[in-house]
Each structure stands twice: as structure tokens, then as C-alpha cells.
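Produce the entire structure from the sequences given, and follow the hints as far as they go.
For the record, the sequence lines run as chains R and D.
The letter at position 588 of the first sequence is residue 581 when you use the working numbering, and the numbering goes up by one with no holes.
Count along the second sequence from 1, add 50, and you get the number used in the working numbering.
Keep in mind that the hints were calculated from the coordinates and are not lab data.
Virtual Cβ for every residue (Gly too), placed ideally from N, Cα, C.
Treat the hints with care, as some may be off.
Unchecked claim - To give a feel for the contact side, a few chain D residues facing chain R, derived at Cβ under 10 Å:
no., residue
1, V81
2, P134
3, E135
4, P160
5, Y238
6, H271
7, D275
8, D314
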Amino acid sequence: MKWDEFFVTGEPLIYMADAAIVLTIIGIVFVLTYFKKWKWLWKEWLTTVDHKKIGIMYIISAVLMLFRGGVDALLMRAQLTVPNNTFLDSQHYNEIFTTHGTIMILFMAMPFIFGLMNIAVPLQIGARDVAFPYLNALSFWTFFFGALLFNISFVIGGSPDAGWTAYMPLAGNELSPGPGQNYYLLGLQISGIGSLISGINFIVTILKMRAPGMTLMRMPMFTWSTLITSILVVFAFPVLTVALALMTLDRIFGTHFFTLSGEGMPMHWANLFWIWGHPEVYIAILPAFGVFSEVVSTFARKRLFGYTAMVWSMVAISVLSMLVWVHHFFTMGSGAPVNAFFSVSTMAIAIPTGVKIFNWLFTLYKGRIKLTSAMLWSLAFIPTFVIGGVTGVMLSMAAADYQYHNTYFLVAHFHNTLICGTVFAVFAALHYWYPKMFGVILNEKLGKITFWFFMLGFNVCFLPQYVLGFMGMPRRIYTYPADAGWTELNVISTIGAVMMGIGFIFLCINIVYTYFKGERDLTGDPWDGRTLEWSISSPAPHYNFAVTPEVKGLDAWWLMKKERKEGKAEEPEYKPIHMPSNSGRPFIMSVFLFIAGFGLVFEWMSVAIIGLIGIIICMILRSFEYDDGYHVPVEEIQQTEARRE
Amino acid sequence: MPAKPSWLKLVMKVLPLSVLLLLSGCSERFVLLNPKGPVAAVQKDLILWSVGFMLLIIVVIFSLFAIILWKYRERPDNMDYEPPEQHGNTVLEIVWTAIPVLIVIALAIPTIKATFELEKPPKESRGVEPIVIHATAADWKWIFSYPEENIETVNYVNIPKDVPVEFKLTAVGGMSALWIPELGGQKYNMAGMGMTLYLEADHVGTFKGRNSNFTGEGFAHQTFDVNAMEKEDFYKWVKETQASAPLLTKKQFNEIIQVGVLKDQLTFSGTHLAWVDFAKQGEHLENMPAKEKHGTIKLEEVEQKDDSDHQDNREQENHQHHGH
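Take a look at the structure:
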């Protein structure tokens, strides 16, 4: 392979990106060296097994990926603003929409959610950490290096360009030669390991590590959503793992699972992809439902209305989500009976979702609604998500879907659910739990500016796309003729996208501003919260709870606060706390995974084998490791707890 | 703090407006609501039926939301109001479960009916023998073969009005989808697979068709024209073509299906079905085109053609063959 094939060449945009990457790396290395922070980076972050720090790293990565995916989105919108535009050529546009979709779902939404779970769940259930802290670190680092592998594709070797669905035979060697599609396969495979491990970790954490008194039906709604999501992860991700492995074998080792030759069956890929892919969108949306439940209940100062119905509706959604995958390809000609079944099973999801919407509305009813930034995101979610929901029902009608399929109506629908569901939720959650993560409160004024720009921008961007769907504009086209009549609405849509971009910039400004000048949260309970994470100081001490709390009902902290007002509180008695030790091995092992993945992408087998040997050595070393962790002494606990007001 | 969130007002304004735009289906730009045949008409009716219910849901939830938000927002004068601890309300919860169930049933029944109906030729022309046309998607052009008439066309298809068309869908290369929105919804064209899609035109005219399923670089340019014509005009065209169009050769056909954009509209006598059927698995493999490298196809030329030559070509052809 020649150097000009190894590095992507020939595009001014790419050279700019190259320069930016080199400068950023030099900048980071310089800052770390100048301030003598290398050791700090290694000890405090790269080797940490603390669920809160892992959560923070997940969220930082997710925000970076939101930036990358957002730039992709703006480039696409720029290209589509006017007809016959030559800003991007077809190949470049195809790469961009492929990476946009893959990054937003797998490297933005998923890690953001896992980050929030990491931060909130152990605190909500009164636990010291997750069940398997070492595995938790491995989850993060496999995600991180998987994402890194995927992201370097646009400067080294070329990006995948067969869409985030990577349908065969388009994604096969004949029609997508080169390393691009391999990046997709290996990047997702490596980060998929992390997702699966996280799923297992959270199931065990929630089932085995709740504080005394916290029965399942006393768990906060976000914890419930995490439990159900994790179960979905454990059922769905192995399907993706297998599908990716089979396609990797097809591409690199010449097998015929999905190829046209050798009696392969491309349709199997579509089925396997969506058997994972549909639960995947619920993996992204259920934790969002959990976040909204927490935020709405807190800022309406009311217990969640219909708690039991909320739990069961989530269970129903998760079961149904496994039974609807064919609605992604009604047009594949499975026949009327099959399509009819999947139409009805898809529509049925609207029923538990509707129950949830009404329960949120009635949590607000008779409440005292405080319009904080976190609450604004949650309130905006309700009407906007309803639009996404009803258009989902329209798409579920197979005979009508033959017309909607592959149009901008579909594009508008899934952005409407994923942005108003997942993205609004992670922004709400960021404001809500920021004090618990960093001890400072995100600026409310900047938060509200972010909200208005992003939320209005969203509607300006995507409502016109529903109309474009009715006008017959297909998705994934890189340009359109002037006489198609789609120009005006595309211009409006681009204006909306720019507004969303401005909103994101304000979010970044807010994070920087809060770092330097943010208001400190000295109480540990800035929102007058209801769940256990607000019972400890902000930021949460590394051992979480000085004394394991005792739970007497739903909204445990709310009940405790009531009791304290009645003067029933006792002096806590501290005991040494057992904590897990840090380990650098998850990081090192993931580096080897990256090396192995990179070798496979370019089909350099010697590199791949070196990586694999490294992974195996790490696993062997781990098997012979005897480290029982350490104890936090009582004095340290007393000192930390005394700092709180 | 805003008294009433202004975004709510905006949404309330924008939404009905866009819906109004949609419902004014007479506007030709809304191709999904502008059916020119019975299949698209079935789908339009189904779409409008669902839009009605969806608007009802939106109105109910948006009003509830606005009222509750307005009434229970925090104000300086209610700061000492402590909300009651409500656990739930069984009657209410049953009501808002039951109503969606009824709506789902109301949508499911016509959906299932229509889904079964579209698997057969339209009922409006029952008894009329469908005309069979094989539609083969190649990267990135459309090939239409009339086995009985022994004609093959590229990037356009002529059909008689009021006669059901039985499209036999297949592909050579990526999975594509044949979509003529004014005549009806799409179905996939897959290599090694044969599928059937019934469409019919009940108006004379030229409608736009395209591949709607992403197949790579030239995907955006993979469009074709559907010319629906009076029966006598159609059969006149058939006769003329059989007599005057050049015979399709294997060599020429293999050139046509190579990966690349082709914008010209071509007409041949004879079809490729004589020697290859892409719908049969494995049969086409020796002809299977492959891309050598990414980014090798020059699309600039195509764009120019798009605007000038292509239009002329079409007009010329229209003149020659059916004298519009």
C-alpha cells in the first residue's frame, strides 16, 4: 500500500482536519508536560475504576462525538441547502452521512447514556460502586478505542460509505472495496464488547447491590430504566456481535454469509442488523424516559404519577421492541401476513408510550413547576416527542410505509424521537447531575440560551423534513435538481441545523464558564431532590456513602428529609470502607484491541496477531492477580463528611 | 422567566400550518398525496385516515400540556404551595390505555386490509390482463424488459393507462428500490431475488420514478421516467419499436450494467432475459460488476447532462415514439 492510499488525500477539508488533529495532539502533550500532569492523568483517570470518573470520561467522549457528528450534520445540511450544490461530492457526502449516523447512535447516544448510568445508578441505589469495577473500566476503554478506531478512518484509509445500516451487497468487497467498511466492522465490534459488559455489570449491580430496604418497586425510575435497558443490551448486542463477525469474515477471509456469490444471503444481514437495531433505539430511549421521570418529578415537587404503570409500560416497550424489527424493511417483500403482524406489533408500542406521556403530564398536574434548564428540556420533550411518536405510528402502517420508506419523512421521524428523546434527555441529565459530578452547578442563564437555540433549531430543522418526505425527497441523496421543488424547505431546514449548532456552542461555553466561575453546590442537594444521590455531598466522595443508607420507601431521600424535619435523625457511626484498587490493565488491554482492530482493517495479519497476543497476555495476567482492594480509614471519611454544610 | 413559553406558541403555529400544507393535496408538489393510479390512491386514503387520528392525539396532548404547564407553573405567589403526594389513579390510567388501544385498532384494520390488497393487481381493473415488465436495477440505471413484447428500455418505461403493470423486480449490484410515488409505493430490487410489485396508472402523463434505496455514488442520479399513455398509443409504440429499435446484444448489455451513471434513455428490440435472469440466485455472477476503487466515477459530467441533454433526449424520444 502506498502512502497516499494510507492517508486520505485530495480534499482541502481533510487537510484542514489533519492540521487540526496534529495541532490538538501537540497542544495536549504540551499542556500535560508543562503542568507535569502525566502522572495525574494515569493515576486519576486512565487507571481509575471509580464509576463516577468512568461516567465523566464517557460523557466527555460523548460530547466530543456529538461535536464530530454535529459537524458531519452541518456539512450535509450545507450540501443540501441549494440544488445541484458542488460543496461536497457524492463520495464525500456518503462517507459523512455514514459516519454521522454511526457516531451519533453508537459513539454519542450510547456512551452518554452509559456515562449517566455510571454516575447516577450506584448513587441512586445506595451502592459504593458497580458490581464489577474492573470490568467497568474495561467497558469504557473498549468503547473509547473502538470509537477512536472508527474516527481515524476519515484521515487514514478512508471512511465507510455504505450507510450506518451497511446493507449487503453494497457493503461487500465488490461494491465497497478498501478499508473503509472494515473500520465500521472493527470499530463497532470493539466498542460492542464494552456495551455488552456494561449491560451485564448494571444488571448485577442493580439486582445485588441495592441498599437495605430498597425493594425493586422502590427503585428510582432512572434505575428501573437502566435495569430494563441493560437486559435489552444483553439480548440485543450479541446479535450485532455475530452479524459484524460474519461480515468481517466475508470481507477479510472470503466467506459467503451475506455475499451474492457462494449462495450467501444479503437479506440475512438486514434481519440481523435490525434484530439488534430496533432494540438499540429503545436502549437509547428508555434511559431517556428514566431521566425525564426523575427531572419532572423533582421540579414539579411531586411523586411520579402512576409509578407502577411507568415500570410496567417500560417492560412492555422492551418486550415489544424485540418483535418489530421487520418494520425497517416492509418493502423487502416478506408478504402481507408478515408485514401485517409487524405493523400491528409496532403500533402496539404506542400504547405503553402513551401511558408514559399521560403519567408525566399528571405528575405535572397539581405540581409546582420550576422552570430550570433541566426541566425545560424535559418539558419540551413531551410535545415534541409526541410528534415523533405519532409519525412513528404512521410509518408503522405497512401499506403506507411503501410510500414513506426511504424518504425524508422517515428521516424527520427518527430524528424527532432520537433528538427529542435521547438528546434532550442527556442535556437535561447533564444539568441535573452536573453538581453531583463536579460540585458546581451549570450556569442556568447559558443553559436556557442553549435550550432555546437548540430546541427551536430542532423544530425549524426537522418539521420541514416531514413535508419534504411528502414531496418525495428520498434520503441519502447528495444533491437534487432545481425543478424538484425541494429548495425552500431545505433552506429552512439548514437554518434550523445552524441554530442547533449555535445551541451546542453555548453548551460548550457553559461548561468552560462553569469550570472557572460556576456556582459551587455546598449542600449536595441543590434541586431539593428526592432520590439518594442527593443525600451525599457534591461532588460525590469517592466512597459514595459514608454510611449505607436505609430505604423506607419510594423517593428515599425525600422521606429522610421529612424525618429529619421531625428531628428523627441519628448521629452516623463511621466504619472503614472497602474499595477496589485502580488498574491500568483495562486501558492497556484496550490499546491491544485497537492494534488488533487496526491490523484487521488493513488486513495486515501480523499486526492483528500482535494485538491478539497482547490481549491474551493481559487476560492471563488478570487471572493470576490477587488484589483485594483497600480500606478507606475512618479519619478520612470524617474529614470528608465534615466539609459538607 | 417567560410567562408562556414562546416556543409552544411557535410549535402551535407551525404545526397546523405544515399540516394544512400537507392536506392541500391538490398541490402537485406533494407527490404522496397526488395519486395518478389506484395503488397510490389506496395509500393516500390510508395516510389521510391516519393523519386525522394523529392530529386528534396531538391536539389533546398539546392542550393538556399547555393548560397544566400554565396553571401549575411556579409563581412568586405560590412558593409556599406544597404539591400533594398522588400515587396514581386507576380509572384515569385505564382510560388512557384504552383510548390508544381503540386508535390502534382503528388504524390496524385498514392497514391490514390495504397491505393484503396491494399484493394483488388493483381491484379497479380486475379482469384486465396485467402487462409484465421486468425492472432491473443496475448501479446506477434502470433496465425495463417487456418479455412478451420483446422490447427493452433503459431509464424510461412506457405503460398503457388503466392496465395493471406487474413489475418483476430484481437487481444486478446493490439493493435498490423501485419507487414511482405518483403511482404507488416502493419495493426492493435485489440481486438473486425476484419480487412482484403491482402498479397502475389511471392518468396519461410522465411521472418520475427513481431508486430510493441507497446504492452508493451514483444513487442520486438513478432516476427514470414513466410514460403512461393511452392503450392505442402504447401498442403503436410497441410495434414501432419492435420494427425499428436496434437489437440488444450481449456485449452492449454488459456495457450498460457496468458500475457507473448512465443518464441516456435507450430503446432496444429483444431483451436480456434471453440469456440471463438476475432474479435467479447465482446465475448472474459472471456478469456481476464490481467497483475498482472509490471516487472514480466522474459525476460532474452527469450533472451537466442532467440539466441539458437529458431534457432534450426525453423530448426527442417523446416525439419519435408517441408523438406528444
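Hint by hint, here is what the structure shows:
For V81 of chain D, the shortest C-beta to C-beta distance to chain R is roughly 4 Å, which falls under 10 Å, so the interface hint holds. Hint status for P134 of chain D: holds, given a least beta-carbon distance of 6 Å to chain R, under 10 Å. The beta carbon of E135 of chain D is positioned within 10 Å of a beta carbon in chain R (closest approach about 5 Å), and the interface hint is therefore held. Because the smallest distance between the Cβ of P160 of chain D and any Cβ of chain R comes to about 8 Å, under 10 Å, the interface hint for this residue holds.
Taking 10 Å as the C-beta contact cut-off toward chain R, the hint placing Y238 of chain D at the interface holds, the least distance being around 5 Å. Interface restraint check for H271 of chain D: the shortest CB-CB distance to chain R comes to about 9 Å, inside 10 Å, so the restraint holds. For the restraint placing D275 of chain D at the interface with chain R, the shortest Cβ-Cβ distance is roughly 13 Å, beyond the 10 Å limit, so the hint is violated. Checking D314 of chain D against chain R: minimum C-beta separation of about 17 Å lies over 10 Å; hint violated.
Hints 7 and 8 from the earlier list are contradicted by this structure; the remaining hints agree with it.
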